[in-house]
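Peer 1: As a plain string of letters, each chain reads:
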Amino acid sequence: MSKSKRKKSGKNGLRNFSIVYILVTVFIPFIPIIIWSFAFRWNYPNVVPEWGLRAWKYALSQKSIISSLLLSINVSLTVTLISLCVGMPAAKVLGTKDFKGKKVVETIVTLPAIVPVLVVIMGLQVIFIKINLINTFWGVVIVQLIPTIPYMIMYLQSTFEDYPVSYEDQAKVLGASTMVTFFQITIPIIYPGIIVASLYAFLVSWSQYLLTIMIGGPNVRTLPTQLFAFIGSGDNAISAVVSIIFVFPAILMLLITSRYLSGNGEKKSGGNEV
Amino acid sequence: MKEKTKNWLMLSPVLIIIVGLFGGGFIYGLVQSLNYIPIIGQYEVNLDAYKAILQDKEFLSSLGFTFWIALGSTFFSIVVAIILSMGLRKRFKRKGAVLFAYQFPLPIPHIVSGIAILFLFGQSGFIARILALLGIIESSSQFPEMIFDSHGIGIILALMWKFVPFVGVALVGILQTTGTAYEEAAISLGANSWNRFRYVLLPMMLPSISTSSILIFAYAFGSYEIPFLLGSTYPKALSIVAYQKFTNIDLAYRSQAMAMSTIIAVIVLFIVIVYRRLSSKVRY
Numbered sequence: 001m002s003k004s005k006r007k008k009s010g011k012n013g014l015r016n017f018s019i020v021y022i023l024v025t026v027f028i029p030f031i032p033i034i035i036w037s038f039a040f041r042w043n044y045p046n047v048v049p050e051w052g053l054r055a056w057k058y059a060l061s062q063k064s065i066i067s068s069l070l071l072s073i074n075v076s077l078t079v080t081l082i083s084l085c086v087g088m089p090a091a092k093v094l095g096t097k098d099f100k101g102k103k104v105v106e107t108i109v110t111l112p113a114i115v116p117v118l119v120v121i122m123g124l125q126v127i128f129i130k131i132n133l134i135n136t137f138w139g140v141v142i143v144q145l146i147p148t149i150p151y152m153i154m155y156l157q158s159t160f161e162d163y164p165v166s167y168e169d170q171a172k173v174l175g176a177s178t179m180v181t182f183f184q185i186t187i188p189i190i191y192p193g194i195i196v197a198s199l200y201a202f203l204v205s206w207s208q209y210l211l212t213i214m215i216g217g218p219n220v221r222t223l224p225t226q227l228f229a230f231i232g233s234g235d236n237a238i239s240a241v242v243s244i245i246f247v248f249p250a251i252l253m254l255l256i257t258s259r260y261l262s263g264n265g266e267k268k269s270g271g272n273e274v
Numbered sequence: 001m002k003e004k005t006k007n008w009l010m011l012s013p014v015l016i017i018i019v020g021l022f023g024g025g026f027i028y029g030l031v032q033s034l035n036y037i038p039i040i041g042q043y044e045v046n047l048d049a050y051k052a053i054l055q056d057k058e059f060l061s062s063l064g065f066t067f068w069i070a071l072g073s074t075f076f077s078i079v080v081a082i083i084l085s086m087g088l089r090k091r092f093k094r095k096g097a098v099l100f101a102y103q104f105p106l107p108i109p110h111i112v113s114g115i116a117i118l119f120l121f122g123q124s125g126f127i128a129r130i131l132a133l134l135g136i137i138e139s140s141s142q143f144p145e146m147i148f149d150s151h152g153i154g155i156i157l158a159l160m161w162k163f164v165p166f167v168g169v170a171l172v173g174i175l176q177t178t179g180t181a182y183e184e185a186a187i188s189l190g191a192n193s194w195n196r197f198r199y200v201l202l203p204m205m206l207p208s209i210s211t212s213s214i215l216i217f218a219y220a221f222g223s224y225e226i227p228f229l230l231g232s233t234y235p236k237a238l239s240i241v242a243y244q245k246f247t248n249i250d251l252a253y254r255s256q257a258m259a260m261s262t263i264i265a266v267i268v269l270f271i272v273i274v275y276r277r278l279s280s281k282v283r284y
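Protein chains in written order, with my numbering: chain Z, 1 to 274; chain R, 1 to 284.
I should point out that these hints are in silico values taken from the structure, not numbers from a laboratory.
A portion of the hints provided could be inaccurate.
[Stated by the list, open to error] Cross-link-like lysine to any residue pairs, in silico, SDA-like; alpha carbons within 25 Å at most:
1. Z:97 <-> R:276
2. R:90 <-> R:188
3. Z:100 <-> R:13
4. R:2 <-> Z:248
5. Z:57 <-> Z:248
6. Z:100 <-> R:10
[As the list claims (entries may be wrong)] So these bits of chain R aren't anywhere near chain Z, every CB distance computed over 10 Å:
7. 10
8. 34
9. 76
Where a beta carbon is used, it is the ideal one built from N, C-alpha and C, also for glycine.
Just chain Z, with the same shape it has in the complex (with noise of 0.2 Å):
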């Protein structure tokens, strides 16, 4: 009796430990962010700074950084949709088919998502200044969908996995058309697959820094160069603000995929964007 339960008490002692070690360490790091943004000066060692809202004004008024957001999110959803149109093909034979060469497709396509894209990114610069793609936003879309693609791919393979190939073989017995089939049966069934693997290449696309600063130049300025270049400035409080603005979007799909995902509670390693 005082055995067991002293092995409970070990045992939420180590659960309790858990907990607050997640709690402490997720949470912590973004105080100092959440301070310096309201803060009007903030000299050491003041735990408090003299608050002020102006980090949030500056950014709110201007117009480098307005156009840089938006700028982020066309080049992100451009990436994604076009990462979508070509990945959901390829990620429906993958889920759905077994073919001779398969496993090599399948590690061509993952490859970008293990090796960094250091290596790739140097010679890509030189070749997309040949083919004047440098400094435009077309090249930093079709560079960003190196590292989208594998994403995108390993979730919608991962939901084409359970498929019912047999409903569309049905339609097209009832005399469905290739696009009726797609539009009625195949988007209805994957699009909750359709939505988790669009806002996880969004965020990939969103989060990239040393793809777009080397080949979209000083044209293409997205948010996180934006970020980099506040950070070397020194202006804690506007990279502060800054970097709220840019997880805001993050938030916004852990909010929603935990939405999606909860119910089947299991995840799938090597999904997630490392």
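Using the hints, position chain R against chain Z.
Peer 2: What follows is chain R alone, placed relative to chain Z:
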């Protein structure tokens, strides 16, 4: 036959994009690392760039430093993730909320986790301020150097902030779906808690741990943003050195930059291949 053609037709857009961009960029970089750079009039192929960087002390210390931050962040993340998943595997009140908090760092961009660590652990950061308020340190220089330090502590912490949930959330799921039956069987056979962990629970987690550790190691090895924000001037992470050489106004350094990125690629690919070999042979 028709089916086969259709499959490849559906796969082709993705394959063209990935092979074209990823393969194209890699091969172009490789060719340039061999000093074939017609733009500046170099047409002969040689290994000068590799020879130069392998004799360069800065490169070698960067290589060692990069291995340290990649191995360190991977190892510590796995240890912490295992401990947390052991703590969270059973049902308890508000588990959903705790798991939501656990996953929270996953979608946050690395740049922001770097900035968070910078504001928190810098010598005039939030923790230093609190310690000063409590009278534990008198000046900011007494706070241990964790950012811009030569040991890469800040870099490792920032990477771990995202890596721990990346490894751990899946482990909680695995232990949760396995349930307690195996463990109870082990208890009835007289296994103590260490043996239950070592021979029952750990083997179930290992496949997932090895997959995710390869992914995080590879990421850490080539990551640019976090070492840029939190790294010291010496030694620098390999990615930083390569980028600086690449953007040097003297184009002659370009081949060295490409050689470095080729070396990074070879190391990452080597690790992936070794892992594939091991995971197909070893049974846990």
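Peer 1: Hints broken by the structure, by number, lowest first?
Peer 2: 4 and 7
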